[in-house]
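Please construct the entire structure, taking both the sequences and the accompanying hints into account.
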Amino acid sequence: MGILNLILAVIIVPGLAAFTNWIFAKRPNLRDTLTLLIAFATFGLVLTLFRQVGSASLAPMTLLEVFPGITLAFHVEPLGMMFAMIASGLWILTHIYGVGYMRGNNEKAHAQFFACFAVAISAVMALAFSANLFTLFLFYEVLTVSTYPLVAHKGTAEAIRGARIYIGILMSTSIALFLTGVIWVFVVSGTLDFVPGGILEGTIDAALLPVLLGLFAFGIGKAALMPFHKWLPNAMVAPTPVSALLHAVAVVKAGVFTMLKVGIYTFGVDFLADTGASTWLSWLAAYSILAASIVAMNQDNLKARLAYSTVSQLSYVTLGMALATQMGVIGGGMQIATHAVGKITLFMCAGAIYVAAHKTKVSELDGLGRAMPITFTAFLIGALSIIGLPPLAGSWSKFSLMMGAAEADQLIMIGVLMVSSILNVAYLLPIVGRGFFAGPKQSYAEANVLLWLPPAITAGLCILVFFYAGRIQEFLMAIVGV
Amino acid sequence: MDATSAGDAMNFVDQMPVLPILIPFMASPLIVVIGARKLAWPIAMLAALASFICSVLLLLSVADGSEIRYAMGGWEPPFGIEYRIDALNALLLVLISGIATIVLPYMLRSLPHHVSLKHHTLLYAVFLLALVGLMGVSITGDAFNIFVFLEISSLSTYVLVAMGAERDRRALTAAYDYLIMGTIGATFLVIGIGLLYMATGTLNLGDMADRIAGLGDNRMVQAAFAFIVVGMGLKVAIYPLHHWLPNAYTYAPTPMTAFLAATSTKVAVYVLLRFMFSVFVPAFDFVGETLTLIFMPFALLAMFAASFVAIFQNNFKRMLAYSSIAQIGYMLLGISLLTTTGVSAAIVHLVNHGVTKAALFMGVGLLLLHTKNSYYDQIAGMGRRMPFTGAAIIIAGLSLIGIPGTAGFVSKWVLVQGAFEQGYWWLAMLIVLSSLLAIAYVWRVVEALYLAEGETGHVDEPLVMVIPAMALALVCVWLGFDTRFTLDMARVAAEVLFAGPFSLSGGE
Numbered sequence: 001m002g003i004l005n006l007i008l009a010v011i012i013v014p015g016l017a018a019f020t021n022w023i024f025a026k027r028p029n030l031r032d033t034l035t036l037l038i039a040f041a042t043f044g045l046v047l048t049l050f051r052q053v054g055s056a057s058l059a060p061m062t063l064l065e066v067f068p069g070i071t072l073a074f075h076v077e078p079l080g081m082m083f084a085m086i087a088s089g090l091w092i093l094t095h096i097y098g099v100g101y102m103r104g105n106n107e108k109a110h111a112q113f114f115a116c117f118a119v120a121i122s123a124v125m126a127l128a129f130s131a132n133l134f135t136l137f138l139f140y141e142v143l144t145v146s147t148y149p150l151v152a153h154k155g156t157a158e159a160i161r162g163a164r165i166y167i168g169i170l171m172s173t174s175i176a177l178f179l180t181g182v183i184w185v186f187v188v189s190g191t192l193d194f195v196p197g198g199i200l201e202g203t204i205d206a207a208l209l210p211v212l213l214g215l216f217a218f219g220i221g222k223a224a225l226m227p228f229h230k231w232l233p234n235a236m237v238a239p240t241p242v243s244a245l246l247h248a249v250a251v252v253k254a255g256v257f258t259m260l261k262v263g264i265y266t267f268g269v270d271f272l273a274d275t276g277a278s279t280w281l282s283w284l285a286a287y288s289i290l291a292a293s294i295v296a297m298n299q300d301n302l303k304a305r306l307a308y309s310t311v312s313q314l315s316y317v318t319l320g321m322a323l324a325t326q327m328g329v330i331g332g333g334m335q336i337a338t339h340a341v342g343k344i345t346l347f348m349c350a351g352a353i354y355v356a357a358h359k360t361k362v363s364e365l366d367g368l369g370r371a372m373p374i375t376f377t378a379f380l381i382g383a384l385s386i387i388g389l390p391p392l393a394g395s396w397s398k399f400s401l402m403m404g405a406a407e408a409d410q411l412i413m414i415g416v417l418m419v420s421s422i423l424n425v426a427y428l429l430p431i432v433g434r435g436f437f438a439g440p441k442q443s444y445a446e447a448n449v450l451l452w453l454p455p456a457i458t459a460g461l462c463i464l465v466f467f468y469a470g471r472i473q474e475f476l477m478a479i480v481g482v
Numbered sequence: 483m484d485a486t487s488a489g490d491a492m493n494f495v496d497q498m499p500v501l502p503i504l505i506p507f508m509a510s511p512l513i514v515v516i517g518a519r520k521l522a523w524p525i526a527m528l529a530a531l532a533s534f535i536c537s538v539l540l541l542l543s544v545a546d547g548s549e550i551r552y553a554m555g556g557w558e559p560p561f562g563i564e565y566r567i568d569a570l571n572a573l574l575l576v577l578i579s580g581i582a583t584i585v586l587p588y589m590l591r592s593l594p595h596h597v598s599l600k601h602h603t604l605l606y607a608v609f610l611l612a613l614v615g616l617m618g619v620s621i622t623g624d625a626f627n628i629f630v631f632l633e634i635s636s637l638s639t640y641v642l643v644a645m646g647a648e649r650d651r652r653a654l655t656a657a658y659d660y661l662i663m664g665t666i667g668a669t670f671l672v673i674g675i676g677l678l679y680m681a682t683g684t685l686n687l688g689d690m691a692d693r694i695a696g697l698g699d700n701r702m703v704q705a706a707f708a709f710i711v712v713g714m715g716l717k718v719a720i721y722p723l724h725h726w727l728p729n730a731y732t733y734a735p736t737p738m739t740a741f742l743a744a745t746s747t748k749v750a751v752y753v754l755l756r757f758m759f760s761v762f763v764p765a766f767d768f769v770g771e772t773l774t775l776i777f778m779p780f781a782l783l784a785m786f787a788a789s790f791v792a793i794f795q796n797n798f799k800r801m802l803a804y805s806s807i808a809q810i811g812y813m814l815l816g817i818s819l820l821t822t823t824g825v826s827a828a829i830v831h832l833v834n835h836g837v838t839k840a841a842l843f844m845g846v847g848l849l850l851l852h853t854k855n856s857y858y859d860q861i862a863g864m865g866r867r868m869p870f871t872g873a874a875i876i877i878a879g880l881s882l883i884g885i886p887g888t889a890g891f892v893s894k895w896v897l898v899q900g901a902f903e904q905g906y907w908w909l910a911m912l913i914v915l916s917s918l919l920a921i922a923y924v925w926r927v928v929e930a931l932y933l934a935e936g937e938t939g940h941v942d943e944p945l946v947m948v949i950p951a952m953a954l955a956l957v958c959v960w961l962g963f964d965t966r967f968t969l970d971m972a973r974v975a976a977e978v979l980f981a982g983p984f985s986l987s988g989g990e
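Chains X and W are the protein sequences, given in the same order. In this text, residue positions in the first sequence follow my numbering: the first is 1, and each later residue adds one. In this text, residue positions in the second sequence follow my numbering: the first is 483, and each later residue adds one.
Note that these hints are calculated values from the structure, not bench results. Each hint should be verified, as a subset may be incorrect.
Below, computed lysine to aspartate or glutamate pairings styled on EDC-like, alpha-carbon distance capped at 16 Å [to be verified]:
1. Lys154(X) / Asp650(W)
2. Lys361(X) / Asp300(X)
3. Lys154(X) / Glu929(W)
4. Lys26(X) / Glu107(X)
5. Lys854(W) / Asp659(W)
6. Lys359(X) / Asp300(X)
This one's a predicted model, so the numbers in the text were calculated from it and none came from an experiment.
Have a look at this one:
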């Protein structure tokens with residue numbers, strides 16, 4: 001099978017799940033099993049692609065030309081490869097978890113839910129392998145639209161309001177800023193292709209470069225850079241599997257992934273470093289990191305707290321790009337992987353707690369940990385990984401980012417990352433602490449196995465990734481041409 | 483009707499340019515003469531389809547930027563009426579006849595919901611006349627002939643709008659409003675043409691352009707231009723002259739609205755383009771200044787003001803009408819940039835918006851089968867009950883916003899590119915900001931259709947209606963990926979326009 005066909009298969013196969021869900025809407029077991037098989041198939045296809053391409057970067061393969069210079073094209077490069085592997089791999093676990101959650105929680109319209117979910121995954125795959133800004137923007141919007149029904153799924157007034165903010169911010173920023181940036185790039189450089197080293201050098205006035213960067217930084221609303229982060233806490237009205245895979249991994253990572261791709265392949269890391277155009281962005285990212293953490297500390301709703309924590313953690317990636325050094329970018333890339341496994345664990349645990357005990361508030365968790373030890377242990381591991389404690393995954397990305405900050409001579413950013421770790425401790429560990437040590441033991445039992453096994457596995461991944469971080473780093477090195 | 487010199491055998495292909503007009507023009511009285519309701523629709527359908535096929539063939543033969551000229555009745559211009567077809571009007575012919583062809587099957591089931599059966603025979607005849615008028619305005623190369631065809635289309639349009647009265651009596655006042663405003667517009671146009679005739683002594687557009695070349699300072703020519711711009715401005719519904727449009731679109735029978743929204747204002751934009759570029763030239767100060775000092779600000783005003791009004795509408799159909807006024811702003815803005823990119827943006831948006839709006843109005847018509855009216859509280863939850871209708875509305879709605887992968891995206895891309903090329907980055911920002919308003923008004927519909935509480939249970943979606951609506955929605959997607967028929971043609975058309983005005987001798 002040719003590489004292009006393989007990429008197309010990776011994109012189309014998850015889409016098939018939308019059809020199987022639609023056709024077999026009335027036969028839940030068959031439907032959910034088929035989706036699971038499709039999730040495995042997708043992951044298998046991504047792995048096949050990985051075995052064939054490895055860390056090489058391939059030239060774009062054009063599917064069709066929409067108008068002169070604007071093509072629908074795909075390519076493979078390490079960052080996208082990694083992102084596709086994470087999203088498709090975690091989809092398997094999330095689907096198992098989702099089946100348990102939707103059934104355990106008596107949610108409605110399962111078929112519609114899993115169908116939209118599949119379309120979103122399909123869009124993420126296409127986005128990961130996009131070879132130019134147009135293709136990427138196209139699937140960025142497909143992702144926005146396909147996740148909207150998931151956020152609005154409950155159909156309550158609160159869900160409708162949350163979904164409105166979700167689509168409003170994501171679509172507005174992308175059309176008003178992101179698209180303008182894309183067209184601007186096209187007008188000055190005549191191409192939108194992702195080229196190692198960037199395409200903008202020598203085509204644009206250095207004074208305007210920070211403005212163009214700003215169009216991307218704010219326009220990519222999925223990266224949840226402050227002040228355009230409000231959609232993420234509002235998206236938490238969605239059923240928890242959505243929050244877990246989409247709003248901790250697929251959608252938000254699509255945002256920061258886009259940010260990295262634009263930084264590396266459109267602007268060029270060296271060009272950004274030489275012109276200093278991204279310095280302001282590193283300050284804003286630093287602000288976003290700290291401010292979101294402080295807000296998170298004051299959230300009593302567990303999912304809202306995790307959402308603000310995500311806002312903060314996403315800005316790590318933006319910071320990595322804005323530092324415009326090799327280690328910074330690599331750290332940003334690793335953060336995509338390590339935060340994914342950590343945060344999905346936390347959300348899955350939050351969902352398990354909700355299904356088992358119907359608790360949504362941190363203040364209600366006293367003594368629940370002793371009743372649900374597996375869930376809370378998984379939560380603890382995920383939390384420690386986010387904090388960045390060895391031997392857990394998160395420590396490496398934080399380490400790389402600090403190296404990047406040192407390389408960029410922005411020592412203050414090292415300080416920001418350290419303060420952020422302390423804040424992480426302050427808002428994540430009390431949750432576990434309350435669960436295990438406060439109050440009398442609550443009289444609930446562990447949730448269904450479908451609900452505690454997936455987070456237990458992802459918690460295991462947090463540990464595993466720590467030991468394979470070197471491989472990931474080596475793999476990503478290809479994107480900065482080392 | 484033999485155009486070739488006497489003695490030649492009539493060659494069918496040579497007569498091609500006249501066929502898209504002639505066939506519906508003959509079919510319309512035929513329907514009335516036969517007078518059988520059962521035969522009215524098949525005749526209209528055949529005529530529209532034949533007209534569409536001829537238009538496509540015409541477009542293919544001028545796609546390279548060439549021009550077809552056809553002397554009516556063998557009378558050589560400037561004495562006889564001449565048809566001049568280039569990429570610009572051929573594209574419009576395809577749009578108009580194509581929309582008519584796809585709306586007609588839809589009418590089969592939709593029209594009985596708006597108009598009682600006894601009127602159908604005449605209504606189909608009038609519909610064909612409207613088609614003839616719009617096609618004729620586009621195809622002709624004669625100034626007075628433009629006016630005649632415009633009146634044919636306008637008069638029949640007033641009838642079509644008024645036919646909404648059985649469902650809502652307000653259609654009568656809407657039609658009356660439209661009649662008054664449309665007649666003022668037509669009068670202004672004919673005054674303008676009359677002044678031009680006084681100044682140049684000819685009505686043939688090519689001859690007129692030749693003679694006008696040295697008359698840039700002539701007050702009469704300038705006054706003629708002003709009359710034509712205001713007259714057609716009324717027909718286009720340029721922002722402050724738009725008053726007739728919302729009511730006419732809201733109260734006309736929905737299939738008629740779908741047809742008119744997709745075609746009639748577009749034809750008026752075409753006439754403006756034709757006069758500005760092929761008769762007058764932008765090099766005339768008064769033309770250039772009209773574009774930059776009048777069109778651009780009013781286009782921007784339309785984009786924002788009409789979009790804001792659209793957001794606060796509570797009636798789906800009326801919202802679409804206001805959105806049309808805003809979208810016309812994009813076209814005028816493209817023209818006012820005075821570059822090939824800008825003008826091709828305007829032309830491509832003519833087509834893309836036509837298709838998008840027709841699909842949306844068809845969606846409204848489907849909803850109206852099962853609801854009393856198209857107010858948001860009435861259509862609550864209908865998306866769940868009519869899945870295909872809902873899907874068509876969402877796809878076309880995304881195209882209206884300009885989401886990538888849809889026709890609307892292509893238009894917006896080219897327009898913003900045109901603004902950047904001129905260095906107007908502030909204008910580019912305004913364009914994208916105004917399209918944010920489109921998100922708001924489209925999303926109110928999506929929420930009403932899917933999230934609002936309403937009755938449940940699937941209801942009937944007749945195939946003859948849902949297939950055309952869905953087909954147009956899919957065309958929106960298709961035109962978002964394949965731009966050979968839209969953007970490439972629009973570029974050719976814009977290049978032809980910028981290559982210079984018409985000339986009697988035919989050389990560009």
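Comparing the hints with the structure gives:
1. Lys154(X) / Asp650(W): violated, 37 Å
2. Lys361(X) / Asp300(X): Answer holds: Lys361(X) to Asp300(X) is near 5 Å, not above 16 Å.
3. Lys154(X) / Glu929(W): Holds, at about 13 Å.
4. Lys26(X) / Glu107(X): With Cα atoms ~15 Å apart, Lys26(X) and Glu107(X) stay inside 16 Å; holds.
5. Lys854(W) / Asp659(W): violated, 24 Å
6. Lys359(X) / Asp300(X): holds, 11 Å
Comparing the model with each earlier hint shows violations of hints 1 and 5; every other hint is respected.
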